[in-house]
Amino acid sequence: GYLDDQFVQLEELQDHANPNFVEEVVALFYKDSSRLLLNIDQALEKKPLEFTKLDGYMHQFKGSSSSIGAKKVKAECTLFRDYCRAGNAEGCMRTFQQLKKEYATLRKKLEAYFQ
Amino acid sequence: MGSIATESQFHVLAVDDSLIDRKLIERLLKTSSYQVTTVDSGSKALEFLGFHEDHQNNPNQLSVSPNNHQEMEVNLIITDYCMPGMTGYDLLKKIKESSSLRNIPVVIMSSENVPSRIRRCLEEGAEEFFLKPVQLSDVSRLRPHMMKAKYKDHQEPQKQQVEEKSEVEMIIQSQRQEEDESPQEQPRQEEDESPQEQPQQQQQAQGSNNNKRKALEEGLSPDRTRPRYSGLTVV
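Chains as they are written, first to last, in the UniProt record's numbering: chain C, 1 to 115; chain V, 1 to 235.
Hints are computed from structural coordinates only; laboratory data are not their basis. Even glycine gets a Cβ: it sits at the ideal position worked out from N, Cα and C. A few of these clues could be false.
For lysine-lysine, the following BS3-like pairs were computed, each having C-alpha atoms within a straight-line distance of at most 30 Å [claimed, not checked]:
| # | chain 1 | residue 1 | chain 2 | residue 2 |
| --- | --- | --- | --- | --- |
| 1 | V | K30 | V | K152 |
| 2 | C | K31 | C | K47 |
| 3 | V | K30 | C | K53 |
| 4 | C | K72 | V | K94 |
| 5 | V | K148 | V | K30 |
| 6 | V | K148 | C | K31 |
| 7 | C | K109 | C | K47 |
| 8 | V | K30 | V | K94 |
| 9 | C | K31 | C | K46 |
| 10 | V | K93 | C | K100 |
| 11 | V | K23 | C | K109 |
| 12 | V | K23 | C | K31 |
| 13 | V | K93 | C | K71 |
| 14 | C | K108 | V | K96 |
| 15 | V | K44 | V | K152 |
| 16 | V | K96 | V | K152 |
| 17 | C | K71 | V | K23 |
| 18 | C | K53 | V | K150 |
| 19 | V | K30 | C | K31 |
| 20 | V | K44 | V | K96 |
| 21 | V | K93 | V | K30 |
| 22 | C | K109 | V | K30 |
| 23 | V | K93 | V | K23 |
| 24 | C | K53 | V | K93 |
| 25 | C | K100 | C | K71 |
| 26 | C | K53 | C | K100 |
| 27 | V | K148 | C | K101 |
| 28 | C | K53 | V | K148 |
Computed, partial: chain V to chain C, Cβ under 8 Å [to be verified]:
| # | residue |
| --- | --- |
| 29 | M86 |
| 30 | Y89 |
| 31 | K96 |
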């Protein structure tokens, strides 16, 4: 699936005293990702591409994805970073489109989870 | 018996530039019954630890404001490695270079498994290196480091105090034996002191020494007020 063991860990950290923990973390994830996706989108419009900058954003995005257990999104982040390091602009653009798709799917799943 | 009442009151300072990771580490630590303060940068961490540059006397020397240090005792620092500005490694170095902070155990977290990085951190004095995302099982490894530092703190007081104590003992001994010139004068005192006078520093050192022994005897003194920091987030 879309979410790995890490998501289970989050669920386990939720308890009576912190009944909204998972929801809060996911909310932070949305906030963080929206910001990063916007930054990356904008950065991808500047030619030539600033690979170091892009890699930096993606490092952060990968981190957040990893923290909530978003397996597929995380995989796309890794791929994107590989392309960055190889200086492969086309690879980056392609991967980013794929990443956005995965991210959209993930959000749908999470919304369903909270209902 | 004497249950160690303060066991649940270990205070951890968590440093991470990621909002999500701060939330996560905070929950992990609180679940493990620690008090937590989170900050988003190395410089804020140092600020919290009462660390400031003493520009007046020693421009290159970093000192700790004594008041801050006593009020905000930190038993462990857990920090992300990759942070803008000051990295976790930089923070680790600064802490280990500080005479007053070096005894605080430091743990590094990183999302990247880079063996040379891990090695460097451990060599610099980090107790552990956790790969992110950090798990409860990782956090369970923290307690021994805090216990060790805490008891070391009581039995082997910080370097400065050790020096004072042994100097005092030497002076007392020599006074008893000879009632003449003490062979060992406290190097910090600048003026010449006749051994028959009780130098003020000596009295103070003795006083604090006695208090320390008292604290040891009482175990972890319940009178020591420890401000509670649950939920305090310094961002």
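Structure-based check of each hint:
1. V:K30 to V:K152: holds (24 Å)
2. C:K31 to C:K47: Holds, because 27 Å separates the two Cα atoms, which is no more than 30 Å.
3. V:K30 to C:K53: violated (35 Å)
4. C:K72 to V:K94: Violated - the C-alpha atoms of K94 of chain V and K72 of chain C are around 38 Å apart, more than 30 Å.
5. V:K148 to V:K30: Satisfied, since the Cα-Cα distance of roughly 20 Å is no more than 30 Å.
6. V:K148 to C:K31: Distance of about 40 Å is beyond 30 Å: violated.
7. C:K109 to C:K47: Not satisfied, since the Cα-Cα distance of roughly 35 Å exceeds 30 Å.
8. V:K30 to V:K94: holds (26 Å)
9. C:K31 to C:K46: Holds, at about 24 Å.
10. V:K93 to C:K100: violated (39 Å)
11. V:K23 to C:K109: The given pair, whose Cα atoms are some 22 Å apart, holds under the 30 Å limit.
12. V:K23 to C:K31: holds (13 Å)
13. V:K93 to C:K71: violated (34 Å)
14. C:K108 to V:K96: Not satisfied, since the Cα-Cα distance of roughly 47 Å exceeds 30 Å.
15. V:K44 to V:K152: holds (27 Å)
16. V:K96 to V:K152: At roughly 16 Å apart (the allowed maximum being 30 Å), K152 of chain V and K96 of chain V satisfy the hint.
17. C:K71 to V:K23: holds (20 Å)
18. C:K53 to V:K150: Roughly 43 Å between the alpha carbons, so the hint for K53 of chain C and K150 of chain V is violated.
19. V:K30 to C:K31: holds (24 Å)
20. V:K44 to V:K96: Holds, at about 17 Å.
21. V:K93 to V:K30: holds (27 Å)
22. C:K109 to V:K30: Holds: K109 of chain C and K30 of chain V sit about 29 Å apart, inside 30 Å.
23. V:K93 to V:K23: Holds. K93 of chain V to K23 of chain V sits at ~25 Å (cutoff 30 Å).
24. C:K53 to V:K93: holds (27 Å)
25. C:K100 to C:K71: Distance of about 14 Å is within 30 Å: holds.
26. C:K53 to C:K100: Since the Cα atoms of K53 of chain C and K100 of chain C sit roughly 19 Å apart, the hinted pair holds (cutoff 30 Å).
27. V:K148 to C:K101: violated (49 Å)
28. C:K53 to V:K148: Violated: K53 of chain C and K148 of chain V sit about 42 Å apart, past 30 Å.
29. M86: violated (16 Å)
30. Y89: Violated, about 16 Å.
31. K96: violated (26 Å)
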